[in-house]
Amino acid sequence: MSKMNMLQAINNALDTAMAEDERVLCFGEDVGVFGGVFRATSNLQQKYGKARCFNTPLVEQGIIGFANGLAAQGSVPVAEIQFADYIFPAFDQIVNESAKFRYRSGNLFNVGGLTIRAPYGGGIAGGLYHSQSPEAYFAHTPGLKIVVPRNPHQAKGLLLAAIHDPNPTLFFEPKRLYRASVGEVPDEDYRLPLGEAEVTKEGTDVTILGWGAQMEVIDQAVERAEKDGISCEVIDLRTILPWDVETVANSVFKTGRLVVTHEAPLTGGFAGEIAATIQERCFLYLESPIARVTGMDTPFPLVLEKEHLPNHLKVYDAIRASVEF
Amino acid sequence: MTTTKSKVAYSPVFTDGAEFRIPTFKLLKQDGKLYKSAKAPDLDKDKALRIYRAMVTTRILDERMLAAQRQGRLSFYMQCTGEEAAVIGSAAALDDGDMIMAQYREQGALTYRGFTIDEFMNQLFGNEMDYGKGRQMPVHYGSKKLNYMTISSPLATQIPQATGYAYGQKLRGEGHCTITYFGEGAASEGDFHAALNMAAVHRVPVIFLCRNNGYAISTPAAEQFAADGVAPRAYGYKMDVIRVDGNDILAMYQATQEARKLAVEHNRPVLIEAMSYRLAAHSSSDDPSGYRSKDEEAVWREKDPILRMRLWLESKKWWSEDDEKQLQENMRREVLETMKRAQKRPPPPLESLVSDVYDEVPPALAEQFDRLKAHIRRYPDEYPKSAEHAKGGA
Numbered sequence: 005m006s007k008m009n010m011l012q013a014i015n016n017a018l019d020t021a022m023a024e025d026e027r028v029l030c031f032g033e034d035v036g037v038f039g040g041v042f043r044a045t046s047n048l049q050q051k052y053g054k055a056r057c058f059n060t061p062l063v064e065q066g067i068i069g070f071a072n073g074l075a076a077q078g079s080v081p082v083a084e085i086q087f088a089d090y091i092f093p094a095f096d097q098i099v100n101e102s103a104k105f106r107y108r109s110g111n112l113f114n115v116g117g118l119t120i121r122a123p124y125g126g127g128i129a130g131g132l133y134h135s136q137s138p139e140a141y142f143a144h145t146p147g148l149k150i151v152v153p154r155n156p157h158q159a160k161g162l163l164l165a166a167i168h169d170p171n172p173t174l175f176f177e178p179k180r181l182y183r184a185s186v187g188e189v190p191d192e193d194y195r196l197p198l199g200e201a202e203v204t205k206e207g208t209d210v211t212i213l214g215w216g217a218q219m220e221v222i223d224q225a226v227e228r229a230e231k232d233g234i235s236c237e238v239i240d241l242r243t244i245l246p247w248d249v250e251t252v253a254n255s256v257f258k259t260g261r262l263v264v265t266h267e268a269p270l271t272g273g274f275a276g277e278i279a280a281t282i283q284e285r286c287f288l289y290l291e292s293p294i295a296r297v298t299g300m301d302t303p304f305p306l307v308l309e310k311e312h313l314p315n316h317l318k319v320y321d322a323i324r325a326s327v328e329f
Numbered sequence: 006m007t008t009t010k011s012k013v014a015y016s017p018v019f020t021d022g023a024e025f026r027i028p029t030f031k032l033l034k035q036d037g038k039l040y041k042s043a044k045a046p047d048l049d050k051d052k053a054l055r056i057y058r059a060m061v062t063t064r065i066l067d068e069r070m071l072a073a074q075r076q077g078r079l080s081f082y083m084q085c086t087g088e089e090a091a092v093i094g095s096a097a098a099l100d101d102g103d104m105i106m107a108q109y110r111e112q113g114a115l116t117y118r119g120f121t122i123d124e125f126m127n128q129l130f131g132n133e134m135d136y137g138k139g140r141q142m143p144v145h146y147g148s149k150k151l152n153y154m155t156i157s158s159p160l161a162t163q164i165p166q167a168t169g170y171a172y173g174q175k176l177r178g179e180g181h182c183t184i185t186y187f188g189e190g191a192a193s194e195g196d197f198h199a200a201l202n203m204a205a206v207h208r209v210p211v212i213f214l215c216r217n218n219g220y221a222i223s224t225p226a227a228e229q230f231a232a233d234g235v236a237p238r239a240y241g242y243k244m245d246v247i248r249v250d251g252n253d254i255l256a257m258y259q260a261t262q263e264a265r266k267l268a269v270e271h272n273r274p275v276l277i278e279a280m281s282y283r284l285a286a287h288s289s290s291d292d293p294s295g296y297r298s299k300d301e302e303a304v305w306r307e308k309d310p311i312l313r314m315r316l317w318l319e320s321k322k323w324w325s326e327d328d329e330k331q332l333q334e335n336m337r338r339e340v341l342e343t344m345k346r347a348q349k350r351p352p353p354p355l356e357s358l359v360s361d362v363y364d365e366v367p368p369a370l371a372e373q374f375d376r377l378k379a380h381i382r383r384y385p386d387e388y389p390k391s392a393e394h395a396k397g398g399a
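Chains as they are written, first to last, in the working numbering: chain A, 5 to 329; chain B, 6 to 399.
Because the hints were derived from the structure by calculation, they are not lab data.
Even glycine gets a Cβ: it sits at the ideal position worked out from N, Cα and C.
One should not assume that every hint holds.
[To be verified] According to the in silico footprint, chain A covers these stretches of chain B (three or more CB under 8 angstroms from chain A):
| id | stretch |
| --- | --- |
| 1 | 147 to 158 |
| 2 | 161 to 175 |
| 3 | 198 to 206 |
| 4 | 218 to 232 |
| 5 | 358 to 372 |
[As the list claims (entries may be wrong)] Restraint ranges, calculated between C-beta atoms of paired labels, are given here:
| id | chain 1 | residue 1 | chain 2 | residue 2 | range |
| --- | --- | --- | --- | --- | --- |
| 6 | A | Pro146 | B | Lys266 | 37 to 47 angstroms |
| 7 | A | Ala280 | B | Asp386 | 24 to 34 angstroms |
| 8 | B | Lys52 | A | Val41 | 45 to 55 angstroms |
Can you make the complete structure from the sequences, with help from the hints?
Here's what the structure looks like:
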């Protein structure tokens with residue numbers, strides 16, 4: 005065990021994967037000797053050489069196209085997109101190529117070795133283009149897996165699982181937590197399951213569901229709600245696609261109430277999908293409408309970031325409203 | 006820091022690259038004789054005949070399957086007609102272990118590699134023996150054993166993938182390369198530029214083969230780019246480039262042979278621009294009379310690459326009128342008979358609707374599938390292709 009922040013845990017996961025398997029490659033803009041703009045790939049080029057950890061030209065569609073080809077060939081590429089906000093030039097390669105490679109070839113070929121890492125989410129005064137949470141765009145694409153970790157321990161275990169998973173995986177890293185979130189992380193290789201949510205706190209009155217940096221926000225809101233005597237069950241979804249309906253539904257059977265929160269805008273956000281599925285599953289058990297606490301339907305703002313974000317007060321309000329309905 | 010070692014000018018000097026006029030490499034005249042100073046590449050009789058048979062087979066397959074589409078047997082078809090030399094001449098210059106990542110008009114390369122008529126038909130009819138499990142429109146072939154990547158409809162996506170695939174081949178160090186095919190229209194896509202630049206920067210053993218066939222559906226090349234074709238773009242990436250008469254089988258073969266050496270032995274990616282003409286329509290859904298003249302087509306029909314090769318083979322005494330007659334008859338018969346067999350094969354099982362999305366069917370999808378099966382069982386006459394399959398299981 006070592007004390008690490010989330011960046012160190014991610015760096016450690018990449019180091020672990022590269023040490024174990026020479027087919028693992030890390031590349032992207034500024035990923036080489038510089039170690040990435042956030043230093044997630046620090047020292048990897050020095051350790052494993054320029055052929056396995058390198059800079060690419062500044063072209064996201066090229067990075068992912070190149071990564072798709074490498075994965076089809078049998079390599080295990082871990083491609084970095086410098087910010088999730090800049091992933092859209094690669095949308096075609098991800099949605100039409102990565103996601104459909106296995107299906108369209110009848111499993112003759114696949115890009116299961118592919119992992120795409122991208123710093124993601126708000127809270128760092130990044131404005132419109134260094135703050136977005138684009139998971140819902142990709143969640144509409146069968147064939148992809150989408151993972152978001154909440155702390156350093158989760159980040160290493162989930163990233164190693166994503167790298168070894170036989171399906172193309174998007175790994176969104178809440179950059180607000182990069183240095184802020186610190187915890188004990190095992191030094192060895194370990195993998196946390198994809199497609200499984202985790203109940204991080206048990207309770208009986210209301211279920212609060214989120215992922216990534218939103219889990220900290222939930223914890224603060226829950227602390228306040230519990231002082232009011234409300235017993236909260238907290239779930240970290242961890243994998244957005246394919247998501248763990250079972251764990252969420254079982255919790256709602258018990259509590260009868262659900263609050264879902266994410267940073268991305270409300271309309272078309274993944275909370276809508278969760279709400280639709282859970283009302284289908286748990287219709288007769290629900291005591292109150294499923295609540296969504298999200299970013300507003302605006303581009304991500306700069307100066308008014310605090311007002312825009314679904315902070316602990318908004319989540320707390322939603323918990324109260326749900327219980328008092 | 007810049008890597009551009011430019012001369013200095015003290016007045017504004019603009020250049021438009023007009024000094025870079027790229028010649029077209031040719032060896033074989035339309036009468037099957039070599040140009041005066043041209044020398045035939047090292048191509049033995051067996052290989053020459055393998056190439057020629059693949060060209061004729063491709064032509065016959067295309068004629069027959071377009072007719073089948075017109076008869077309503079097939080939903081869609083795309084012909085390689087007119088571009089057989091560009092595609093097969095280049096594929097023949099490779100090692101059969103090299104990867105091919107094509108666009109959709111390169112069935113000739115597959116024919117050359119040994120894809121059987123039966124394999125073509127199974128894909129075209131999307132039957133239970135189609136490797137792609139009936140999921141893609143006709144002509145989206147793929148073959149793992151022949152190192153031919155399954156075709157994807159979005160244009161140019163295969164080009165940066167070829168760069169990545171070839172980078173992996175270089176790391177593996179087995180002396181293989183990747184060739185990727187695309188049209189001059191697809192070369193306008195961002196993926197083209199990304200792919201060539203990355204290949205040059207990372208010194209990747211990949212051959213970019215642009216089939217400049219004059220049209221992107223209806224858009225003529227003159228409305229696709231202002232420059233002298235696609236070839237000059239290579240200079241911008243510091244990449245080796247050659248322009249070839251795409252209807253000249255010997256020139257295509259030799260140019261690709263040399264390109265392969267640069268790629269595999271020196272890690273130098275190469276751009277080849279094959280100048281040809283799409284003699285057929287873009288697809289069975291297209292009608293070229295709306296955008297080009299019969300006269301223009303006639304000019305190119307005179308430059309038929311298959312006839313040109315046949316005349317060369319005859320001049321070498323490697324091919325005769327009788328050989329031709331026999332090949333034509335055999336292939337037409339095989340195509341017809343195989344088509345009838347393939348058309349009768351059942352569709353892929355209902356399970357193929359949900360398999361291969363992931364390595365395993367996720368729970369939510371398994372649930373959707375169970376609901377679908379229950380629904381089909383309630384309306385078996387409305388779903389005749391899958392009603393039998395729906396009986397099994399939950």
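Against the structure, the hints come out as follows:
Figure legend: the stretch 147 to 158 of chain B, annotated as covered by chain A; annotation consistent (6 residues with Cβ-Cβ distances under 8 angstroms, at least 3 required). Beta-carbon proximity to chain A at under 8 angstroms applies to 12 residues in the stretch 161 to 175 of chain B; the threshold of 3 is reached and the given coverage holds. Only residues whose beta carbon comes within less than 8 angstroms of a beta carbon in chain A count, and the stretch 198 to 206 of chain B has 6; three or more means the coverage holds. Residues of the stretch 218 to 232 of chain B with a Cβ under 8 angstroms from some Cβ of chain A number 0, which does not satisfy the need for three, so the listed coverage is violated.
Counting residues of the stretch 358 to 372 of chain B whose CB lies closer than 8 angstroms to any CB of chain A gives 9, which reaches the minimum of 3, so the coverage claim holds. At roughly 43 angstroms, the beta-carbon separation of proline 146 (chain A) and lysine 266 (chain B) lies within the given 37 to 47 angstroms, and the hint holds. The hinted window of 24 to 34 angstroms between alanine 280 (chain A) and aspartate 386 (chain B) holds, with their beta carbons roughly 32 angstroms apart. The hinted window of 45 to 55 angstroms between lysine 52 (chain B) and valine 41 (chain A) holds, with their beta carbons roughly 52 angstroms apart.
The structure fails to meet hint 4 from the earlier list, while all remaining hints are met.
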